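Undergrad: As given, the protein sequences belong to chains A and B, one line each in that order. Each residue of the first sequence is one higher than the one before, counting from 1 in the numbering used here. Each residue of the second sequence is one higher than the one before, counting from 1 in the numbering used here.
Calculated directly from the structure, the hints in this document are not laboratory data. Here the structure is a predicted model, which is why all the values come from computation and not from measurement. Cβ coordinates follow ideal geometry from the N, Cα and C atoms, glycine included. Treat the hints with caution; some may be incorrect.
Pair by pair, the computed Cβ-Cβ distance ranges are [claimed, not checked]: (1) A/Y89 with B/L101: 34 to 42 Å; (2) B/I30 with A/Q356: 41 to 49 Å; (3) B/I305 with A/F313: 37 to 45 Å; (4) A/P310 with B/G96: 47 to 55 Å; (5) A/G176 with B/L256: 38 to 46 Å; (6) B/L170 with A/K280: 20 to 28 Å; (7) B/I30 with A/P127: 46 to 54 Å; (8) A/F160 with B/P45: 40 to 48 Å; (9) A/G176 with B/E100: 48 to 56 Å; (10) A/A124 with B/G253: 38 to 46 Å.
In silico EDC-like cross-links for lysine to aspartate or glutamate, where the CA-CA straight-line distance does not exceed 16 Å [stated by the list, open to error]: (11) B/K151 with A/D92; (12) A/K177 with A/D208; (13) A/K177 with A/E240; (14) B/K49 with A/E240; (15) B/K151 with A/E240; (16) A/K280 with A/D337; (17) B/K93 with A/E259; (18) A/K280 with A/E343.
Okay, the calculated bits of chain A under chain B, using three or more residues with CB under 8 Å as the criterion [what the hints assert, rightly or not]: (19) 58 to 66; (20) 156 to 168; (21) 221 to 228; (22) 340 to 350.
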Amino acid sequence: MRKVTAFLVVTMFFCTLTVAALAEERQFSRSYLWDSNAVVMQDMTKYKKNPPYTIGFSNASISNSWRVFMDREVRAEAEKHKDLIKTLYVTDAQDKPDKQIGDTEDLVAKGCDLIILSAATMAALDPIATRIHKQGIPIVCLDRRVKSDNFTSFVTASNFTQGRMMMLWLCQMLKGKGNIVMLPGMAGAGPAEERIIGAKEILSQFPDVKVLDMQYTSWSPSEGKRIMAAMIQSFGNKIEGVWCDSGLQGSGAIEALQEAGLKVPITGEDLNAYLTRVQKYEFPAMSIGFPVKMGAEAVRTSLKVLQGIPVPFIVNVTRKVLTTVDTADVKSDQPWDTMAHPEWPGDWWIDNTLPQNWLPK
Amino acid sequence: MEAYTAWTGSRRFAFKSTFEKYGIYIFLIILFIFASFVSPAFLQPQNLKDVLHQAAALGIVAIGQTFVILGGRGGLDLSVASVMATVAVIIAKNTGGQNELLLPVALVCVLFGLLVGLANGLLVTKRKVPPFMATLGMMIIIEGFRFIYTKGAPKGDFPPILRFLGRGDLGPIPVSVLSLAALTAIAVIILRKTLFGRQLYAVGGNIHTAYLSGYNADVILTITYMASGLTAVIAGMYLAGWIGIADNWVGKGYELDSIAAVVMGGTSFEGGQGGVLGTIAGVLIIMMIYNLILLLHLPIQVQYIVKGAVIILAASFYVRRSST
Chain A
1 MRKVTAFLVV TMFFCTLTVA ALAEERQFSR SYLWDSNAVV MQDMTKYKKN PPYTIGFSNA
61 SISNSWRVFM DREVRAEAEK HKDLIKTLYV TDAQDKPDKQ IGDTEDLVAK GCDLIILSAA
121 TMAALDPIAT RIHKQGIPIV CLDRRVKSDN FTSFVTASNF TQGRMMMLWL CQMLKGKGNI
181 VMLPGMAGAG PAEERIIGAK EILSQFPDVK VLDMQYTSWS PSEGKRIMAA MIQSFGNKIE
241 GVWCDSGLQG SGAIEALQEA GLKVPITGED LNAYLTRVQK YEFPAMSIGF PVKMGAEAVR
301 TSLKVLQGIP VPFIVNVTRK VLTTVDTADV KSDQPWDTMA HPEWPGDWWI DNTLPQNWLP
361 K
Chain B
1 MEAYTAWTGS RRFAFKSTFE KYGIYIFLII LFIFASFVSP AFLQPQNLKD VLHQAAALGI
61 VAIGQTFVIL GGRGGLDLSV ASVMATVAVI IAKNTGGQNE LLLPVALVCV LFGLLVGLAN
121 GLLVTKRKVP PFMATLGMMI IIEGFRFIYT KGAPKGDFPP ILRFLGRGDL GPIPVSVLSL
181 AALTAIAVII LRKTLFGRQL YAVGGNIHTA YLSGYNADVI LTITYMASGL TAVIAGMYLA
241 GWIGIADNWV GKGYELDSIA AVVMGGTSFE GGQGGVLGTI AGVLIIMMIY NLILLLHLPI
301 QVQYIVKGAV IILAASFYVR RSST
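Isolated chain B (complex conformation) (with noise of 0.2 Å):
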C-alpha cells in the first residue's frame, strides 16, 4: 500500500511538475489546434505567415521585456513603445528612404535606446524610483520629444532594405521571423550559459544573497533596462518597415502586450523565474487571439476581453504555483 502511494504520489508529482513547466507551450498547442477546428482560414499558410509576421515586433520587443522582469523588484519598462514610434520617426527622417543612410541612422537609434535603458536603470537602482513611475516618466517624455521633433506630423520614408526586413521572405519565412528566432537563440544562450545570465536569475531570486555572493546589482538591473532600450529600437525598425508609414503611434499599446507575454510565458514578477522560450509562447499566444477573433468575425473589441482573461488566467496559475 505504502508503495502504491509512493508510486501514484511520484506520478502526480511528475505530471504536476511537467504541466507547470511547459503548462504555456500545451496551453499554445490547445490554443493551435483550437483555433484550427473553428476556424478553417486558420492553418492556410499565408494565415500563419501573417500571424508571425506580427508576432515578430512584439516577440523582440518582449525579450527585452523578459529580462527586466526577470530582475525582479517590480521591474518592468513602460517605455517600450515610445521608443519603437520614436525610433520609427527618426529613421523615416533622416534616411529619406535611401538604403545607404540606413545604417548610420539605425546606430544613432540604437545608441538612443541603450541611453533611454540606461536613464531608466539608474533611476530605478540609484534613486530608486519604482520601475513603474521611472519608466511612465521616461514614456511621458519622450512622447513629447517625439512630438517637438515630428511636429506632430512626421514625415520621410523607410529604406526599401527596411521593408524588405519587416514585411520580405527568404524562401517561406518572413524574414522578420528568422530575426526573432536568432534574438531569442542569443537571449537563450545569454540566460542560460553566460555568467551574466546567472547572476540575473540570482539577483532576481533574493537580491541579498546575490549581493552577499558579490554580484553587483545595480549594474545587472541597469543592464536589463538597457537590453529592453535596445530591443525596443529593433522592434520598432521591424514594425516601422511591416507598415511602411512613419506614425507616431507606431506600437501603440506593445508596452503592456510586451508585459502581458511575459507573464503568460511564465517568468515571474517577483523575478528570478522564467524565461525568453515562455515569452514567445506568450506572444504567439496573443498574436493567435488577436488572429482567431477576426477569422470568427466577432468584434474586435472582445480581443480586449478574452486578453484580458487569459492574463488573468495565467498569472492566478502561476501565483498558486509559487505558493504551492
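Bound conformation, chain A alone (with noise of 0.2 Å):
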C-alpha cells in the first residue's frame, strides 16, 4: 500500500511539473500596455450565433512567405476549433484588389457567418467592406485594413510603433549624431509608408542623425543587396547605420555590408534568413517582429464576435524586440541566438505559433 502510495505522489509530483512547463505564460502586447486609454470593448452581442460557424477567409495574396505563414496560422487555428467551425473557405486574390471584389462576393454568397479580410490595398477593398458591414456580417481585418472603419474589428501589430522602435534603437546607438541609410520596403504600400512614418517621428527629434539617402526596396533580399552595395559605394565610410523596415531586404544588405567590411548597426524582423546572418557576421543589430501569429489571433477574435464576447476594434498582437546590443529604451526580450535558427529554412518567420504539422515543409 505504501509503495502504492509513493508511487501515486511520485506520478503526481512529475504530472504537475510537466503541466506547469507546457503551461505558456500568457504574453501581452506593449502597446495595449502602454496605451493611455481605456480600451473600449465593442458589444458583440449583435452577431452572436449558435454554433457551428461557416467562415470565410479573403487573403490578399500567398506571394511571399511572411503571407503563406499568416495564411497556415489562419487555417491552423480554424483546425484547432473544428467544434465551431464547420467550414472555413480561404480565397488567394493574388494581390490583385479586383480579384478580391469578386473572392468576397463569392464568400459572402456561400452564406459564411463572417469574413476575415486582409485587404490588398485599403481603398479598393473598402466599398465591399461597408456593403457587407451594413449587411451585418462581421468583418474582421486582418493585418491590412480598409481605409473607413466600417469593420468590426481590426487585428494587427502596429507599423508606426515598428519604424519608431527600429530608428530610435538606431539612433541611440549612435547616441544621438551619424549618418544613416534607410532601406523601407515597397513604395505605396500601407505598411512601409506607415513605418517610414514612425521612423521620421524619432528623426525628428535627433538632429544630429543625418539620413544620406532612402530608396525602396520592395521587400526583396536581392535588391536589398544591390541597392546597398551601390550605397556603400556612394557614401563609404559614411555609412554609420542601416534602417531597413523588414528582415527581407536586411538580409540582402547585411551581406553587401559584411562583404564590403562595415560593419554597422542594422534594423530588421523576426525573418531567419536576417536572424541568423546578422549571428554569423556578429552585426549590432535589432529586430521587431510583425508576428505572422496575427493569423491565429484573427480567428480567435472571429470566434468570439460570433459567441457575442465584446471585442476591442483594434487587436494588437503580441511581438519580440531582439537586439544584439540593448539601448536605453529598447531591449531586448530574449537572446538573439534563441530566436536565430541557422539549420532552418531562411525564409520561415521565427515568431509563430504554427504546430509542427503546419509549418511548411
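If you follow the hints, you should be able to join the two separate chains into one complex; please do so.
TA: Here it is in C-alpha cells:
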C-alpha cells in the first residue's frame, strides 16, 4: 500500500511539473500595456449565433513567405476549433484588388457567418467591406485594414510602432549623432509608408542623425543587396547605420555590408535569414517582429464576435523585440541566438504559433 | 562637283553605317563617360565590380533570349524568370547546402530548363501558339508548380561552391563575369561559325527562303527555346549564389529586362538581325543605369522611367534603320 501511495505521489509530482512546463505564460502587447486610454470593448451581442460557424478568409495573396505563414496560422487555428467552425473558406486574390472584391462577394454568397479580410489595398476593398458590414455580416480585418471604419475589428501589429522602435534603437546606438541610410519596403504599400512615418517621428527628435539616402527595396533580398552595395560605393565609411523596415531586404543588405567590411548597426524583422546572418557575421542589430501569428489571433477574435463576446476595435498582437546590444529604451526580450536557427530555412518567420504539422515542409 | 558629291556621299554613308552598326557600343561608351563624370563613385573598382557581378545573371539569361528573338516570328521567352526562381528553390531544397550534391541537382535543373524550352518550342512551332501566349502560360504554370513545391516558403541552403560562383572572385575578376564571358564566346561561335547559327539567321531573316533551302525551321526554333531554358537555369544558379537566400521570386523582372537588353542590343523582333555582343552591351547599359540612379541618389522609381525611355529610343532607332 505504501509503495502504491509513493508511486502515486511521485507520478502526480511529475505530472504537475509537466503541466507547469507546458503552460505558456500569457503575453501582453506593449502597445496595449502602454496605451494611456482605457480599451473600449465593443458589444457583439448582435452577431451572436449558435455554432457551428462558416467563416470566409479573403486573403490578399500568398506571394511571399510572410503571407504564407500568416495564411497557415489562420487555417491551423481554425482546425483547432473544429467543434465551432464547420467550414473555413479561403481565397487568394494574388495581390489583385479587383479579384479580391469578387472573392469576397463569393464568400458572402456561400453564406459565411463572418469574413476575415486581409485587404490588397485599403481603398479598393473599402466599398465591398462597407456593403457587407451594412448587411450585418461581421468583418474582421487582418494585417491590412480598409480605409473607412466599416468593419468589426482589426487584428494587427502597429507599423508606426515598428518604424519608431527601429529608428529609436538606431539613433541611440549612434548616441544621437551619425549618418544613416533608410531601406524601406515597397513604395506606396501601407505598411512600408506607415513604418517610414513612425521612423521619421523619432528622427525629428535626433537632429544630428542625418539620412544620407532613402531607397525602396520592394521587400526583396536581392534588391536590398544591390541597393546597399551601390550606397556603400556612394557614401563609403560615412554610413554609420542602416534602417531596414523588414528582414527581407535586411538579409540582402547585411551581406553587402559584410562584403564591404562595414560592420554598422542594422534593423530588421524576425525572418530567419536575417536573424542568422546577423549572428553569423556578428553585426550589431535589432529586430522587431510583425508577427505572422496575427492570423491565429484573427480566428480567435472572429469566434468571440460570433459568440457575442465583446472585442476591441483594434487588436494588437504581442511582438518580440530582439537586440544584440541593448540601448536605453530598446531592450531585448530574449537572447538573439534563441530566435536565430541556422538549421531552419531562411524564409521562415520565427515568431509563429504553427504546430509542427502546419510548418511549410 | 560630281566627284565631290560622291566623296561626301560615301563618307556620309560610311559614317551612317558605322553608327548603325556600332551605335549601341558608342552609346555604352558615352554612358560610361557620362557616369564617370557625374558620379565619382562610379569609377571606383569595387563599384565597377558590383555592376559586373549584377550584370552576369542578366547577361547569361539574355544570351538565350537573343537566340529566341533572332528566330523571328515574334519570338520571345517570358518564362525565363520563372525558371530561374524554380531552379533556385530546387537547388536550395535538394542540396541542403552540401557541395557534393550540387552537380546531380544542377543536372536535374538543366534537364528541367531544357524540357521547359522544348515545351515552349513545340507549342510555338507545332501548335502555332504565339510565343507571347505560350511562354506567358508556361511562366504561370511553373509559378504554380513552384508554389506547390515550396508551399510558399522555400527551404534549404546553397552550397559554398554555388555561393563562390555567384559572388566570388578569381584575382580581380568576379567568377560570374568570367562565366558570362565564356558563355558569350560560345554563343558568338555558335551564331557565327556553325551551321546552326547560319540556319538560325536564315530562318529569322526569311522563313520561306530558309524552308526552300531545306532548313527545318521548326527544329531550329525549338532549339532556340531550349537554349533559352538552359541559360535561364544557369542564370538562376548564379543569381541564387549571389543572393544566398532561397526566395520564391529570384530573378523577378529578368524576363522583361532580358528582352529589353536584346532589343537595345540591336536584335530585331522580326528576327535574323543582331547578335549576342550587342545584347551584352544592352545588359551593361541597363545595369549602369540602375547603378547610376542609386549613385546620384535619385528615387529608385526613376530607373523605370529612364530604362523605358532608353528602350523606346533604341527600338525607334532600329526601326528607322530597318526602314531606310
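Undergrad: Against each hint, give a clear statement of whether it holds in the structure.
TA: Hints and how they fare:
{"no.": "1", "hint": "A/Y89 with B/L101: 34 to 42 Å", "in the structure": "41 Å, holds"}
{"no.": "2", "hint": "B/I30 with A/Q356: 41 to 49 Å", "in the structure": "59 Å, violated"}
{"no.": "3", "hint": "B/I305 with A/F313: 37 to 45 Å", "in the structure": "41 Å, holds"}
{"no.": "4", "hint": "A/P310 with B/G96: 47 to 55 Å", "in the structure": "49 Å, holds"}
{"no.": "5", "hint": "A/G176 with B/L256: 38 to 46 Å", "in the structure": "44 Å, holds"}
{"no.": "6", "hint": "B/L170 with A/K280: 20 to 28 Å", "in the structure": "24 Å, holds"}
{"no.": "7", "hint": "B/I30 with A/P127: 46 to 54 Å", "in the structure": "51 Å, holds"}
{"no.": "8", "hint": "A/F160 with B/P45: 40 to 48 Å", "in the structure": "42 Å, holds"}
{"no.": "9", "hint": "A/G176 with B/E100: 48 to 56 Å", "in the structure": "51 Å, holds"}
{"no.": "10", "hint": "A/A124 with B/G253: 38 to 46 Å", "in the structure": "24 Å, violated"}
{"no.": "11", "hint": "B/K151 with A/D92", "in the structure": "14 Å, holds"}
{"no.": "12", "hint": "A/K177 with A/D208", "in the structure": "5 Å, holds"}
{"no.": "13", "hint": "A/K177 with A/E240", "in the structure": "9 Å, holds"}
{"no.": "14", "hint": "B/K49 with A/E240", "in the structure": "23 Å, violated"}
{"no.": "15", "hint": "B/K151 with A/E240", "in the structure": "38 Å, violated"}
{"no.": "16", "hint": "A/K280 with A/D337", "in the structure": "10 Å, holds"}
{"no.": "17", "hint": "B/K93 with A/E259", "in the structure": "25 Å, violated"}
{"no.": "18", "hint": "A/K280 with A/E343", "in the structure": "12 Å, holds"}
{"no.": "19", "hint": "58 to 66", "in the structure": "holds (count 4)"}
{"no.": "20", "hint": "156 to 168", "in the structure": "violated (count 0)"}
{"no.": "21", "hint": "221 to 228", "in the structure": "holds (count 5)"}
{"no.": "22", "hint": "340 to 350", "in the structure": "holds (count 5)"}
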